[in-house]
Structure formats: structure tokens, C-alpha cells
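Q: If you want the building blocks of each chain, they are given just below.
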Amino acid sequence: MASKFTVSNRSGWLMAGPSIALIFGFILLPFFFAFGLSFTNQRLISPNPTEFTGFDNYRSLLGLGILTLEPIKDASGAIQMKDGAPEFPTVRSITRNNPDYPQYAGMREWFNFGTSGDSITYVLARDVVFMTAIVNTFLFVIIVAPLQGGLALGLALLINQKLRGINFFRTIYFMPVVVSIVVVAILWRIIYDGNNGLLNNILSALTFGAFQPVNWLGETSTAMGAVIAMSIWQAVGFHMVIWLSGLQTISPTLYEAAAIEGASKWQVFRYITWPGLKNTAVLVFIVITMQAFGLFSQINVMTKGGPLDSTQTIVFQAIERGYGKQDISGGSAISVILFVIVLSVSLIQRWLTRDKGAK
Amino acid sequence: MMQSNDNHGLRLFLRYLLLVLIAVMFAFPLVFMVMSSFKPDQQLLLDSGNVRAFLPVGDLSFNNYFEAFERAPIGVFIFNSVLVTVVTVVLSLFLCSTAGFAFTFMEWRGRKLAFTIILATLIVPFETIAIPLLLLASKMPWIGFDGLTWGWLNSYRVQIIPFIADGLTIYLFAQYFKDLPGELIEAARVEGASWWQIYRKIVMPLSGPVLATAAILKFLVMYNQYLWPLMVVQQEEYRPVMVGLQYFFQLNIAWGEVMAYLSLITIPVLAFYLYLQKAFIASLASTGVKG
Numbered sequence: 012m013a014s015k016f017t018v019s020n021r022s023g024w025l026m027a028g029p030s031i032a033l034i035f036g037f038i039l040l041p042f043f044f045a046f047g048l049s050f051t052n053q054r055l056i057s058p059n060p061t062e063f064t065g066f067d068n069y070r071s072l073l074g075l076g077i078l079t080l081e082p083i084k085d086a087s088g089a090i091q092m093k094d095g096a097p098e099f100p101t102v103r104s105i106t107r108n109n110p111d112y113p114q115y116a117g118m119r120e121w122f123n124f125g126t127s128g129d130s131i132t133y134v135l136a137r138d139v140v141f142m143t144a145i146v147n148t149f150l151f152v153i154i155v156a157p158l159q160g161g162l163a164l165g166l167a168l169l170i171n172q173k174l175r176g177i178n179f180f181r182t183i184y185f186m187p188v189v190v191s192i193v194v195v196a197i198l199w200r201i202i203y204d205g206n207n208g209l210l211n212n213i214l215s216a217l218t219f220g221a222f223q224p225v226n227w228l229g230e231t232s233t234a235m236g237a238v239i240a241m242s243i244w245q246a247v248g249f250h251m252v253i254w255l256s257g258l259q260t261i262s263p264t265l266y267e268a269a270a271i272e273g274a275s276k277w278q279v280f281r282y283i284t285w286p287g288l289k290n291t292a293v294l295v296f297i298v299i300t301m302q303a304f305g306l307f308s309q310i311n312v313m314t315k316g317g318p319l320d321s322t323q324t325i326v327f328q329a330i331e332r333g334y335g336k337q338d339i340s341g342g343s344a345i346s347v348i349l350f351v352i353v354l355s356v357s358l359i360q361r362w363l364t365r366d367k368g369a370k
Numbered sequence: 024m025m026q027s028n029d030n031h032g033l034r035l036f037l038r039y040l041l042l043v044l045i046a047v048m049f050a051f052p053l054v055f056m057v058m059s060s061f062k063p064d065q066q067l068l069l070d071s072g073n074v075r076a077f078l079p080v081g082d083l084s085f086n087n088y089f090e091a092f093e094r095a096p097i098g099v100f101i102f103n104s105v106l107v108t109v110v111t112v113v114l115s116l117f118l119c120s121t122a123g124f125a126f127t128f129m130e131w132r133g134r135k136l137a138f139t140i141i142l143a144t145l146i147v148p149f150e151t152i153a154i155p156l157l158l159l160a161s162k163m164p165w166i167g168f169d170g171l172t173w174g175w176l177n178s179y180r181v182q183i184i185p186f187i188a189d190g191l192t193i194y195l196f197a198q199y200f201k202d203l204p205g206e207l208i209e210a211a212r213v214e215g216a217s218w219w220q221i222y223r224k225i226v227m228p229l230s231g232p233v234l235a236t237a238a239i240l241k242f243l244v245m246y247n248q249y250l251w252p253l254m255v256v257q258q259e260e261y262r263p264v265m266v267g268l269q270y271f272f273q274l275n276i277a278w279g280e281v282m283a284y285l286s287l288i289t290i291p292v293l294a295f296y297l298y299l300q301k302a303f304i305a306s307l308a309s310t311g312v313k314g
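Chains as they are written, first to last, in this note's numbering: chain A, 12 to 370; chain B, 24 to 314.
Isolated chain A, as found in the complex (with noise of 0.2 Å):
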């Protein structure tokens, strides 16, 4: 509808220019400093002058390395034997000041493949504990995007029927949703208390008294599990309406000719409710995803990435640095590794779940 009518430079830089400035000044600046920033040693608060340090944030942060040892050897040529097995050499002797092998200066062991053969491999990180925090919040996406997804949707089915007083149920569900999610933390904290939490009480009185107690968010083993149901407990209402609004569109007269022709429930879903909600599908899990890397204030409220760093995530790592230690390079430096993550896995999830038809 362009016309002279519509036409209006100076109204129209008048009423956006306000919030194109603001987008511009706290999103876009921040954004673009982040990738300036990581190639320098900036710290919040420092007497000596920004310096330019090139990739050496990155380096220090990803830096792998792989280190294959043999066995020691005695004089003779003979496997120097410990406690009837083959004693290695230790990784600190090569990672420690040791100028034969530069490179695993200031490394450590992430993980080994163990001994085949004679010898024994070692992955060895320059930051082991970003490793691990890169690893878990993989993790988390990897459990939660499908879980969450999938539950949202069983929920949204079952909400979804014509029954008396269903709408009460659906406010329930979505609940949670409007909590914040640190005031939720800390009464799953309370839940998941090792002593005398809910938890354990509720699976102990399940079990006749069988089930002995764990300490939920204190042990490696349990730490991220808990993390996650109480996550999914939290944000499940909000995907759940999302599907709602997908399976509102899908025509009932589709449903009718189906009722007609004798559809069993399976092939109702199969063939008309499923295929209807590709698209909501494609976005339900393109937003989980997103949220789910930036698992942040859970970690915090719960757990500060202990125990033994088993729930350290990414974000918590680039705040821990940089507002921690007020390392702002090293935390931009996290940040732009979030982003390049984020936008390759939405890449990735768009590309897998293209349209294949549509010319």
C-alpha cells in the first residue's frame, strides 16, 4: 500500500528509531563486542592496558590433546613391572615442565581409553572442566529436547479432549510455567533432599520401606538426572500449549471422515494429527533446544556444577569466569562458542526438518 499517503521518512525514524536504537545499543553492540573481546585479555576491572591476545581465550579454553605412553622401560629393555602390571610413566611428568613435549604443557588428563596392546592413550584437555560442562549440556539437550517435546505433546492430547472441567486441568498443568524458575530450584532442592526429602520418602513408602535414600543432587551419578525432571516439571505446561494451539488448527472434518471410515486412535494419530502438526513440531523443538543451552539459573539455585563439576554447563562456566573471576575475554570467548553451537544446531534442526516437498 505504498503511496505518497504512506510515505514518511522523518515519522517513521521518529516512532522506531527509539527502540531500533535500544535493540541496537543492548543486544546487537554486546553481541559483536562479545566476538571482539574474545581475542583480547580484557577483565571487568584491571590497571593494566586491554591487550590483543589473538585465539589464545579459545585455545585455552577447546585445546585437546591425545598423549600415547609405553610402558617404562629398564636398562635391559625390559617392561619395568609394578604391582604385576606395567608402570607408565605418570601424565604430569609430560604436562609438567617437561621440554621434550611443548605442546601438553599445562594439560590435563580429560579421560583414557585405557591400555590396549602395550600402550595406553590419554585425551588430554587444557581445560578439562569446559570440557565437561560442554559435554553435560549436550547431555541435557540431548534428554530434554525429546522428553520435554514428548511429553508436552501427550500432555496437550490428553487436555485436548471434550470433558467437563478440562480447563481446570490445563491451568494446573501451565502453573509452573509462570513460577519462577528459582523459586522452583530451591523447593526441589527441599524435594530432593538426601535426609528426609519428599522424594525419597514418597519412592521408600512405594516400595514398602525397600528403597534406600539418595541424596539426589549430591551425588555425580544423580546430579544432572534430578536437574532434568525438575526442568522438564517446570517447562512442560508451556510446550504443551504450544501443541494445543498446533492441533486447534487441524480441521475437524478430517477427524469426521475418519470417525467415518472406521480409524482405529493409532491410525487417527498416524495419518491426521501427526502429519498436521509437522510444523509445530519443527518449532517446539527448535525452541526447547535454545532454552535448553542456556541452562543457567537451575545449576546455580541447585547445584553451582558440583558435585565434582557433573553439572557444570556451559553458561554457568561463561559466568562463573566472567563474572566471577571478572574475566570478561574469557567469558565472551564462552559466549561466542554458546552462539556458534546454538545457531549450528538450529541450522542443523532447520535443515533436517525442511520442507521435502515443496519446490
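I should point out that these hints are in silico values taken from the structure, not numbers from a laboratory. The structure displayed is predicted, hence computed values, not measured ones. Certain hints may be false.
Said to hold, decoys possible - Subject to a maximum C-alpha distance of 27 Å in a straight line, what follows is the list of computed DSS-like cross-link-like pairs (lysine-lysine): (1) Lys162/B with Lys135/B; (2) Lys289/A with Lys301/B; (3) Lys162/B with Lys336/A; (4) Lys224/B with Lys289/A; (5) Lys162/B with Lys224/B; (6) Lys315/A with Lys336/A.
Got chain A; can you put chain B on it based on the hints?
A: Then chain B, alone, in the frame of chain A:
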């Protein structure tokens, strides 16, 4: 006939049973929170092991609330959160709606490019800009009553200004305005109405639903702010409610007081939600309907 009726009744019963069980799962932590807030610490911990955790039984009082108010300046925290939330919501509704208006109805140089850039910001999670934004905020100038000062840390402005304009809100407005009758606006222009008049007299009166949506979304984001104020507000006098929680997590955690504080900051939001639940659900669902 009888047979099939019985069967129907049983299936209906099972459906409701499932619905109720799931409802219990979603409601129990919140019921636990409210009930515990009235119990003394010792009873609270004993009760948290059984069904009494969800019942208003035993020694009930408002003591936890009184003690919580003594421990921390709760009134200040609530005032801060309400102030920051209300100011941000109002400014956001005004500036994002005028921007959405300009993007939808007007032709101006740079419009398409600016809109594309704004939409692109939707894929930038706040977590990835928090750290550089912290540095910017610590060095930004401000002209106030006491002249030019540097640094925005420990203030209301640092909690408000960065969150006024965002891509999603502008997009929601633009999307809604697109469906309004464009001829109406053009006719008003032909009649000689100014853009400002059209915005105020024609568009805003028709925009109730989108204003409600944008307001609810912004309200939830702002009231629940945690990461950002954690970093930029160290002084008690500017602290919002979520960061104020730290006062209750010192050496010996008084759980009764924690529960009282959590109830205090959560129940008003829940009441607001229960009162306007249709609008809340619709507005959050609409953020998902972009694609």
C-alpha cells in the same frame, strides 16, 4: 445397552483419574511451599517426609513471615521488582508498539533492513550477550541530577533500559497490526490525520489483545529476572526479589522463612495468573506461533 454404559462410565473415571494424578504432580511443590510457610522449622522438616507436608496441620502461624521480614529488607526488594517491572512494561509497550506501527503502516528508508536485523536478534540468547553487556554497563555514561557519571552498575536504569525493546515484542505488534484494515489507516491519512493521531485514535483502541499479550510476557520476564541483576546489582537498595533470596541462604538455612519468602513473592503472580489464566496461556502460546 447397560453393558456399554458401564464401560463408558469406567473409561470416563479412568480418564479423570489420570488427569487428577498429573494435576497432583504439577501442584504438589507449590502446595508444599504454601503449607510449609506457616509451620515452624522443626515441624516443617518432619512433615516434609509424609503427606502432612501438603496439609495445614500442626502448629500454624505467621511467625515465619514476621521473621523473614526481620531478616531481610523484603519491602525494599518487592518495591524494586515492582518498580523495575512496571516501568519496563510500560515503556516497552509504548516503544515497541510505535516501532511495530512504523514497520507495518509506514514507508521509510531503511525499514526493511531494520526489520530484518530486529528479527535476526531473535536467535541471540540473552546468555550469550550477558558478559559483554556487563562490561558495557559498567562503563556507560549517564546524565542524571548529579551531572555526568560513568557506570550503570547498582541502579534501576541498568535493570530497565536494556530490556525495553526486544525483537519478539516488536514482532508481535507488527504481526497483529498487519491484520488490521490498512484502508482505514490510508483513509485517515487522506483525511489529513497525523501518524501520531492514527496511532492513538485508530490503532491503539483496536490493540487490546496484543497489548495484553506483550504486557504479560514482559511482566513474567522482568519479575523473574535473576542472572542479570545477580551480576549488576550488589547494593541492597536496588536488589529485586529473586536476588534477595540470597539473604535466606546463609549458614543455617531457616526453611520456614525461605518458604514464607517464596510464598510472598510467588503467590501474587499465581493469583494474577489464575485470575487471567486464559490471557496468560494465550499470550505465551502466541510466542510459539511465529515459525
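Q: Checking one constraint from the list: CA of Lys162/B to CA of Lys224/B, max 27 Å. Satisfied?
A: violated (41 Å)
Q: Given the hinted pair Lys315/A and Lys336/A, is their alpha-carbon gap at most 27 Å?
A: Holds, at roughly 15 Å.
Q: For the pair supplied as a hint, Lys162/B and Lys336/A, is the alpha-carbon distance within the 27 Å limit?
A: holds (18 Å)
Q: Decide if the proposed pair is consistent with the structure: Lys289/A and Lys301/B, CA atoms, cutoff 27 Å inclusive.
A: At roughly 25 Å apart (the allowed maximum being 27 Å), Lys301/B and Lys289/A satisfy the hint.
Q: Is the Cα-Cα distance between Lys162/B and Lys135/B 27 Å or less?
A: violated (32 Å)
Q: Would you mind confirming whether the straight-line C-alpha gap from Lys224/B to Lys289/A stays at or under 27 Å?
A: Not satisfied, since the Cα-Cα distance of roughly 40 Å exceeds 27 Å.
Of the numbered hints stated above, those contradicted by the structure are hints 1, 4, 5, listed in ascending order.
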